[in-house]
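Following the hints, put chain Z in place on chain C, whose structure we already have.
Protein chains: 2
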Amino acid sequence: MREKGRWAKLERIEKGRYDDKLSHCIRLHVSRGINMADSRRVLVVGGTHGNERTGVQLIRRFQANPQELERGSFKAETLLANELAIARNSRYLDQDLNRCFSDLLLNNKPENYEQSRAQEINKRFGPKGANSQTDWIIDLHTTTANMGVTLVVQQYNPMALDMALYVQQQMPDSVIFYEDNAADADPFLCSIAEHGLLIEVGPVAQGLLRGEVFEKTRMALSHALDYIDLQINGKVRLPSRREAEVYQFIEKLHLPLDENGEICGMIHPDLQDKDYQKLSPGEPIFILDTGETLLFEYPEAVHVAFVNEAAYYDQAHGLSLMRKRNLSWNG
Amino acid sequence: MREKGRWAKLERIEKGRYDDKLSHCIRLHVSRGINMADSRRVLVVGGTHGNERTGVQLIRRFQANPQELERGSFKAETLLANELAIARNSRYLDQDLNRCFSDLLLNNKPENYEQSRAQEINKRFGPKGANSQTDWIIDLHTTTANMGVTLVVQQYNPMALDMALYVQQQMPDSVIFYEDNAADADPFLCSIAEHGLLIEVGPVAQGLLRGEVFEKTRMALSHALDYIDLQINGKVRLPSRREAEVYQFIEKLHLPLDENGEICGMIHPDLQDKDYQKLSPGEPIFILDTGETLLFEYPEAVHVAFVNEAAYYDQAHGLSLMRKRNLSWNG
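Chains as they are written, first to last, in the working numbering: chain C, -19 to 311; chain Z, -19 to 311.
Bound conformation, chain C alone (with noise of 0.2 Å):
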């Protein structure tokens, strides 16, 4: 058991030191390093959408094997997220599990399945906040998008930067994809850990499984618990000034809809799978039924990802508009 107390304390002497956003962060880390010798408890997740079935069955085959889940200094768990998503093959019942992690986890009747789940996997793993019992929560996705392995850091959070930026460091094809959400406002299962990372691998259709999609995803959480065991051993070699090229994500752009807000185009075949190339304005975006082609129409030329993600279909949206970057941090 990590000694709550004594963090509590720490955190509350340093409290005050920091005015900017990386307070909180700097604290953490400090703080960690005084505590080397704790047990974390890290826990890996598959399953968040029902559908994304890679996730899954690298979960069910770490719960039949867990050594392959155990580093010097801990030992992960694992959690099948949305069980009854899982069963039915479908990414949710009710509601998308990965947004019921914000205000919704404070409502006293949870309006349904997702929600309720978001509530039980709070308690258990959480809860959201200053005090979760939970280090770190790496999150196993997948997309129809053809994404190769995906680091997605969904807060400005130096421990997730650091992990990302090792992984890729292993893995060289793979890309940081950024969003800067307020820690508050974020609604995501790893959102209830101090530190997350979600780890998404395409192009896989949803329910199925592919070989390479496998293997890149269980090599890209090994990596990331071969960090967790690294950091804690003060061994991690990275320059204390960080930077990285990362993608952060500006906004989603709707799929053509007819005045009866049907879908009545897709992507155009010369954007289709070039997720994290650039899109500049006057290029095609979209192709009608009709076989008509539209042209993207937008202040500054931008990169994209989740081209043609099947589960953004519910909500007709065709793709992510990212800005491409350079970010440093202080480690």
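Bear in mind the hints are in silico, worked out from the structure with no lab data behind them.
There's no promise every hint is true.
List of simulated lysine-lysine pairs, BS3-like, C-alpha gap at most 25 Å [claimed, not checked]:
hint: 1; chain 1: C; residue 1: K196; chain 2: Z; residue 2: K108
hint: 2; chain 1: C; residue 1: K258; chain 2: C; residue 2: K304
hint: 3; chain 1: C; residue 1: K254; chain 2: C; residue 2: K196
hint: 4; chain 1: Z; residue 1: K254; chain 2: Z; residue 2: K304
hint: 5; chain 1: Z; residue 1: K254; chain 2: Z; residue 2: K196
hint: 6; chain 1: Z; residue 1: K232; chain 2: Z; residue 2: K304
hint: 7; chain 1: C; residue 1: K254; chain 2: Z; residue 2: K196
hint: 8; chain 1: C; residue 1: K254; chain 2: Z; residue 2: K254
hint: 9; chain 1: C; residue 1: K196; chain 2: C; residue 2: K103
Predicted model, so just to flag it, every value in this text is computed and none were measured.
Frame of chain C, contents of chain Z only:
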């Protein structure tokens, strides 16, 4: 309206003149030749599987632009077959609709939505058997497997084979997939018409549109409709002894299963996306979750199709084994 009585009479006169399995088809062929001026009832179907979005979207396009389905000699009708499954973006609700056009049509008390919907479709466009109102059904499907444009002929039917051969002449990369179902036992929607062709295009994830899959499907359908028009006008240019290379269905193989009957492996990466290629005994076929490779054990080399079709995970089927052969028939 086509003169049903006259056809029936011709068939009666000719009855007994053929005793091989070609008799029915040749007889129809002859009678069609005589009735060239009759209008033909042609039905184009999408959404027999509710999450195969390409067909659904094409049908909606045709409903908005019916002139695309007109040829000199007929105007094809359209049908969205499994309406509730389309609304839910699922393959089916209770049972695969495309397996319900069998003895289930005779069931006085349909047991679920799909059985009831099959009876409704059979009443409107059948009935299955010698007296169908519908000459042709062309049913639009997609697959997650890398099968390109596949022209599925589900029974021995020379006119359907002619159509497939004609489409293949226009689209040389397309493949003829042949199943030798007995007419009565054939449970597919196409089987309620006198002739049918199922157009299966992939790879595309369920619930998703991809531009090139959409366009290939539209082109294959368009050539199929052209064939009907040419055939009615006696202008099909095919040798009197037709010959085609076809892939004939042998059987489906299960994915690796554990002692609880759960899937515990997947298609081996060396075999993934290799639809229609040869698989010889001793070659890798599956990889277990644990990383172990399983080799193909079979008495002969075969070809493969539906390699990693998401819809077949329900029954834990991993691929179909096919025999490549030359099929010949008389025009």
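Results for each hint:
1. K196/C with K108/Z: violated, 49 Å
2. K258/C with K304/C: At roughly 9 Å apart (the allowed maximum being 25 Å), K304/C and K258/C satisfy the hint.
3. K254/C with K196/C: holds, 19 Å
4. K254/Z with K304/Z: Within the cut-off at roughly 15 Å; holds.
5. K254/Z with K196/Z: holds, 19 Å
6. K232/Z with K304/Z: Holds, because 15 Å separates the two Cα atoms, which is no more than 25 Å.
7. K254/C with K196/Z: Given pair K254/C, K196/Z holds - Cα atoms ~20 Å apart, limit 25 Å.
8. K254/C with K254/Z: Answer holds: K254/C to K254/Z is near 23 Å, not above 25 Å.
9. K196/C with K103/C: Roughly 31 Å between the alpha carbons, so the hint for K196/C and K103/C is violated.
In terms of the numbered hints stated before, the structure departs from hints 1 and 9, listed from lowest to highest.
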